[in-house]
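Asker: Here is how the chains run, residue by residue.
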Amino acid sequence: MSKKILLSHGGGGEETQSLIKELFLKYFENEILLKMEDAAALSMNTNRIVFTTDSFTVSPLFFNGGNIGKLAIAGTVNDLVMMGARPKYLTCSFMIEEGFSYDDLETIVISMRDEMLKSGVCIVAGDTKVVPKGGVDGLFINTSGIGEIVLEGISAHNLRPNHSIIVSNEVGNHGACILARREDIELETELKTDCVSLWKPVEALINAGVKVLAFRDATRGGLSAVLNEWAETSHVCIEVNENKIPVAPEVKGICEMLGFEPYEFANEGTMVICVEEGEEQKTLDILHTFEECKKASFIGKVSDKYENRVILNTPWGSSRFLEPPKGELLPRIC
Amino acid sequence: MPDLIEGFRNPDHIKALSSLIKKESTRKINIMEVCGGHTHTIMKFGLPQILPESIDFIHGPGCPVCIMPKERIDHAIALASLPNTILATLGDMIRVPGSKTSLQKLRAEGKDIRSLYTPLDVIKIAKENPDKNVIFFAIGFETTTPMTAVIVQMALKENLKNLYFHINHVTVPEAVDAIMCDGDSKVDAFLGPSHVSVITGYKKYEPIVEKYKTPIVVAGFEPTDVMESILRIVRQFNAGDKRFVDNEYARAVSRDGNLKAQELINTYMDVRDHFRWRGIGDIPKSALKLRDEYAFFDAEVKFKEFLPTVELDDHKMCICGDILKGKAKPYDCKVFGKACVPSAPMGSCMVSSEGACSAYYKYGKLAAKGA
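Quick note, the sequences are listed as chains A and B, same order. Here the numbering used here is used: the first residue of the first sequence is 5, the next is one more, and so on. Here the numbering used here is used: the first residue of the second sequence is 108, the next is one more, and so on.
By construction, these hints were calculated from the structure, which means they are not laboratory data. Take the hints with a grain of salt, since some may be wrong.
What the hints assert, rightly or not - Cβ-Cβ distance ranges computed for the label pairs, FRET-style:
1. ASP289(A) to MET261(B): 55 to 61 Å
2. GLY15(A) to LYS445(B): 33 to 39 Å
3. ALA451(B) to ASN49(A): 17 to 23 Å
4. GLU260(A) to ALA451(B): 37 to 43 Å
5. GLY217(B) to VAL135(A): 28 to 34 Å
Claimed, not checked - With a cut-off of at most 25 Å between alpha-carbon atoms, the simulated DSS-like pairs for lysine-lysine come out as follows:
6. LYS299(A) to LYS196(A)
7. LYS151(B) to LYS248(A)
8. LYS330(A) to LYS151(B)
9. LYS234(B) to LYS137(A)
Computed from a predicted model, the values in this text were never measured in an experiment. Every residue gets a Cβ at the ideal spot worked out from N, C-alpha and C, and that includes glycine.
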């Protein structure tokens with residue numbers, strides 16, 4: 005029988021120590037973590053830091069192109085990066101359901117390590133709890149992170165008329181991929197999550213001196229949520245052109261079948277960027293050198309047509325408000 | 108798949124159809140799109156903005172969630188509240204408020220309520236929970252009815268003893284007739300449903316055209332489908348007095364429809380003498396139920412003692428009834444977008460994404476401001 009996580013693995017005794025050593029330290033090892041102190045002592049190159057936390061409860065735990073572990077690293081890293089910060093340190097807590105497969109946990113831990121390599125971040129403190137069967141749905145992970153600000157002044161308040169809006173990749177892949185997996189919608193093509201850490205492309209934009217005003221990863225609520233939040237925060241109108249927004253054919257297909265909007269689907273490695281007018285091509289040229297940003301597109305402009313609203317223009321000359329997503333995503337009937 | 112979407116959203120085609128309609132339209136035409144899917148297309152793609160003022164839309168009763176009277180939603184709630192029960196239904200149904208609560212709220216209180224993507228999943232649920240009663244709250248027009256019939260067929264074949272059906276399947280032609288025979292209907296022409304017609308065939312509408320002398324053009328759900336169908340309506344009026352059923356959605360709809368599906372429906376279901384439609388009232392012979400020989404599957408028979416029988420009307424401020432009949436627009440309603448919003452709907456048209464009010468709320472505000 006395959007190895008399982010037992011309640012004793014979270015008891016704080018010998019089994020806990022062996023789980024930490026044989027699994028977590030093995031893959032997450034770094035100088036600070038290996039000291040095994042009560043708390044991590046950190047040094048930073050700046051006195052301006054960003055700090056964030058996020059909990060990951062995705063079901064299913066494994067999906068095409070990723071798993072909960074990859075998500076837990078990329079999600080928190082991206083929150084730091086979107087503030088113009090270099091991700092430095094993470095903490096990580098595992099809440100594991102009794103009976104969880106050891107091999108699955110190892111797979112998850114390995115993908116966390118691999119994802120950390122992409123941004124150079126490291127886990128410096130952690131915690132493991134094992135809860136009785138039914139206490140959590142398999143595995144929950146919390147990660148918190150600290151980053152050093154390298155580009156000051158990034159904010160959702162910065163948008164002004166004539167600024168340009170760029171999206172870094174196709175939108176909706178993660179949400180559609182999870183939905184398809186959860187509901188057993190069988191697709192002939194391989195739709196993958198976009199889940200990835202965005203530090204490298206953001207670092208390249210910063211190093212090239214692109215005049216960026218705001219970054220936001222389009223996670224829950226998707227592109228629509230980001231644009232609406234920005235429009236409201238900066239009291240502006242954002243006008244985007246539907247035919248410029250990249251959406252994978254599979255995602256379009258799922259949305260058409262079930263009556264969803266791809267702009268409301270979650271992403272885990274796709275960001276929206278607001279840049280000064282004239283910076284569009286430079287931004288795209290840099291983004292297109294990264295595999296995860298190959299489909300980056302200049303989708304629209306900030307204007308003063310309405311306050312706090314997002315307008316979607318169709319290629320045949322009509323337009324509509326893009327409303328922020330509301331309620332539960334429910335499929336349409338016929 | 109992409110061809111089936113992009114091919115029917117070609118901007119040049121849509122623009123060309125728009126200018127043809129503008130050029131050829133000579134009179135005011137009120138077009139009722141019967142189906143909620145068309146309401147959605149019209150609003151989502153902003154079609155009124157590229158049509159002449161002479162073309163106006165009246166949003167019909169074709170949203171299966173919207174036309175469900177409160178007492179039947181209360182049925183779902185009563186059934187879901189029974190001990191040892193799993194209630195399964197489709198889509199937006201779980202959000203519609205009944206007289207006191209909704210399935211969504213009941214689910215949050217711990218009742219086992221499943222919102223299905225694939226109705227066939229209900230067979231799996233019944234098999235996996237042999238010690239529970241599984242009730243399929245079946246809704247929808249002719250499009251979804253065959254799926255329910257297949258589930259009945261499978262349940263018989265697999266000898267499932269714990270699966271029951273609460274059938275709320277309704278039929279389009281009777282509803283259209285009810286709207287037209289009202290006398291004060293403003294409808295000049297119809298966009299005929301897409302998927303419903305795949306099952307029924309377009310000959311189902313021939314008696315209506317005959318009786319009321321209104322063109323019906325069966326239209327696909329894509330923007331070019333709707334635009335082309337409107338052009339055909341305009342041309343039918345321009346060509347003289349002959350009125351007929353036209354079929355724009357020929358890539359999927361035939362005159363006779365899906366005979367296999369029709370046979371399945373007839374095998375397991377029978378026409379109800381009466382069914383109350385929310386906002387419209389009683390329409391004779393407008394809905395289906397299980398045939399008497401399958402009454403042992405029928406949740407309305409098996410759980411009769413638990414089901415409320417009092418008929419419940421909407422809040423007096425809600426004008427969903429007039430909207431469904433084409434007598435009012437969502438903006439005519441005093442509570443639209445204020446007391447009645449998608450997150451807290453007062454009337455059914457705000458609940459489903461196919462409902463007229465919900466589509467106006469989501470997509471229509473920009474157009475309204477410009478109008």
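Asker: Are any of the numbered hints broken by this structure? If so, which, sorted upward?
Answerer: 2, 3, 4, 5
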